[in-house]
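*Asks:* Here is what each chain is made of, one letter per residue.
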Amino acid sequence: MTTLPGPTATRRLILQGAASVALLGLGNLPFGAAPARAAANDKYPEEAFKQKSEADAIKALYGKTAEPSDKVKLDAPEIAENGGVVPISVTTTLDKVTSISFFVAENPSALAASYKIPEGTIPAVANRLKMAKTTNVVAIVEADGKLYSATKEVKVTVGGCGG
Amino acid sequence: MKRSLARAMVLALLLAFSFALDVAPARAANEADYKTAYSAAEAASKEAASLRHQWTVTVSVLAAAKKAADGGDFDRAVAAAREAEALAKASIFQATTEKEAWKAMEIR
Amino acid sequence: MKARTSILLGSLSAALVALALTSPRVVAADKVDPVADARAFQNFFFQKFPDVKHEDFVNGPYSMNEDMKRQWQEKEEFPPYEFALDAGKEMFATPFKNGKTYADCFPNGGVGIRQNYPYFDEKEGKVVTLELALNRCREANGEAPYSYVKDEMASLTAYMAFTSRGKPMDIKIPDDPRALAAFENGKRYFYTRRGQMNFSCASCHVQSPGERIRAEILAPALGILNAMPIYRSEWSGMGTTTRRFVTCNSQTRAVPLEPQADEYRDVEYFLSYVANGLPISGPGARP
Amino acid sequence: MASSIRVRATANGDITEVQALIQHPMDTGFVKDAKGELIPAHYIQQLKFECNGKDVFVADWGTAVSKDPYVKFSFKGAKKGDDLKVSWTDNKGGSDTITAKIS
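Protein chains in written order, with the working numbering: chain Z, 1 to 163; chain L, 1 to 108; chain C, 1 to 287; chain X, 1 to 103.
There may be inaccurate statements among the hints.
[Claimed, not checked] Computed cross-link-like contacts, DSS-like style, restricted to lysine-lysine with a CA-CA straight-line distance of at most 25 Å:
| no. | chain 1 | residue 1 | chain 2 | residue 2 |
| --- | --- | --- | --- | --- |
| 1 | Z | Lys-96 | Z | Lys-52 |
| 2 | X | Lys-32 | Z | Lys-43 |
| 3 | Z | Lys-146 | Z | Lys-133 |
| 4 | X | Lys-67 | Z | Lys-43 |
[Said to hold, decoys possible] Interface residues of chain L toward chain C, partial, derived using beta-carbon atoms under 7 Å:
| no. | residue |
| --- | --- |
| 5 | Lys-35 |
| 6 | Gln-54 |
| 7 | Trp-55 |
| 8 | Glu-98 |
| 9 | Met-105 |
Keep in mind that the hints were calculated from the coordinates and are not lab data. Glycine included, each C-beta is placed from N, C-alpha and C at the ideal position.
Bound conformation, chain Z alone (with noise of 0.2 Å):
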């Protein structure tokens, strides 16, 4: 499910793969339901990124609290190579997923990044964050009205010998 190593071919391979198993969940519903809830409006999520903590900042930003699922795959090293280029990136076989967003619990506020998934578009985000230090990284997934998590801690610290 996650990006693999190997050459890019067998990468888009393995992403249609996994974006077709995405599709198959879709197909049986009935297309015309309108998915729960629209998509978050566009104005920028101002008080979520003022939020230090996760709790706080996933209250600020969809108003409920998620539950761990398996089926939030989120893939993150295990010890960052460095804290300022951290590749992390989440894929879900969730369905009528409208919202994906990444928290890095203990940077000076919480909450990274935020991304409105429309209609029509694959539940899965690859981007580079900055990580203070090591800490817990949490993917959360809006599906369907309600939000599910994947957590991992990623090792950060300084590289070189000193100076």
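Go by the hints and put chains L, C and X onto chain Z.
*Replies:* Below, chains L, C and X alone, put in the same frame as chain Z:
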């Protein structure tokens, strides 16, 4: 390879020991004491630089000595100048021993 | 007070001299044989890391650690050095005030030649690196030279490296005693301990490649310059070979030499020569 | 001046994979410069991708997004040759936009 690691340990250890040696002088140091200590340290540091083996810590401790002296704290200034001299001398020693010692690690 | 310090220094030097004398291979000056040195150097790494493909050594830390390699492949999807590469291509095409361009200074218009740098200039009797040649080209055309550690130089070398990607490193040592001396001087610099940490380049890149120094994995010395210039997340910016040497020095608390100092040019000559045959992979992305 | 946005959009059947790399400092406001003064926060807040007249992906970013930010996603309903409009705005009112062809 093991031996060169041991040598690194010894050098680092001895240096740490030299820092801890700041024994308070019998009487408060004055500007004259500082001047002699500083010039000795500066000479050693110049030699280290000419051997292109200067250490960054020598430069910063030497600057700290000057700053302390400018602030009138000659006790600290003399101690810092002494430390800078010790560091410069250690780097000179490193330069001379490495003239041959580097071959120990060479891939042959 | 004075006496106490000198006693200490006396004991310090005595202890270390004793240690130095016991070092096993204090060998008489031997003849400089770059070919044998290169073969021994490469075999050392091929035997130490039998399952690393030879051409993978140029990927530095990523040839040593799977988790790091995956993070690298993620970055290579759309590498952070893209901007430097495009800037370099643009600079290469932009004529100087006198109408000439970099292409006029370099063989084959500067395209696909990075693998021959640094070379030994028999007129000057010294090693000339790509960064030095670029600045000399600028000065010959009435332009101010670029800093050796800033982005402009990195963009130019990034573009030139890119045009040589995949070509095997091909450094020549002419039959000239000064060239052999430069090679030997570079080798000596590489193995000489410096700084208060008392490390040499070899302490990290020969004795412990693949091991961690905090977050980073140490790169093997073989092919360590093949990916230059590199975009380092640590600097969140491009780094030339000079910047890498300077920062490595300060990490061991050694005062760096002036950019393009003879020692830097010679150690680049040594490291490039012993990597002959391994592919150019610059510009690279590193932690 | 070359655009700050590099985008690659490749269509495979009904699914278009999009990768974008944007040249932007993404300063957090916590970092000091050489003279010890705080570099003020300067980061992209919103990045929007539109295709065939509708948003296909909207990113709301904070200061924890890396310098020269990168994002990858895929969406359905587009084909080779369609236009993909990419635009961003940052907290200082800066912005940039380009239109790329799906290959």
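*Asks:* Now look at each hint and say whether the structure bears it out.
*Replies:* The hints, checked one at a time:
Straight-line distance between C-alpha atoms of Lys-96 (chain Z) and Lys-52 (chain Z) comes to about 29 Å, which puts the hinted pair past the 25 Å bound. Restraint check for Lys-32 (chain X) and Lys-43 (chain Z): not satisfied, since their Cα atoms lie roughly 31 Å apart, outside the 25 Å limit. For a cut-off of 25 Å, the pair hint linking Lys-146 (chain Z) to Lys-133 (chain Z) is broken: about 30 Å separates their Cα positions. Among the hinted pairs, Lys-67 (chain X) with Lys-43 (chain Z) is consistent with the structure: their alpha-carbon atoms are about 23 Å apart, no more than 25 Å.
Of the supplied interface hints, the one on Lys-35 (chain L) is violated, with its beta-carbon coming no nearer than about 14 Å to a beta-carbon of chain C, more than 7 Å. Hint status for Gln-54 (chain L) relative to chain C: holds, with the closest Cβ pair at about 4 Å, below 7 Å. Interface restraint check for Trp-55 (chain L): the shortest CB-CB distance to chain C comes to about 5 Å, inside 7 Å, so the restraint holds. With a cut of 7 Å, the hint placing Glu-98 (chain L) at the interface with chain C holds, because the nearest CB-to-CB distance is about 5 Å.
For the restraint placing Met-105 (chain L) at the interface with chain C, the shortest Cβ-Cβ distance is roughly 5 Å, inside the 7 Å limit, so the hint holds.
In summary, the numbered hints that this structure violates are 1, 2, 3, 5.
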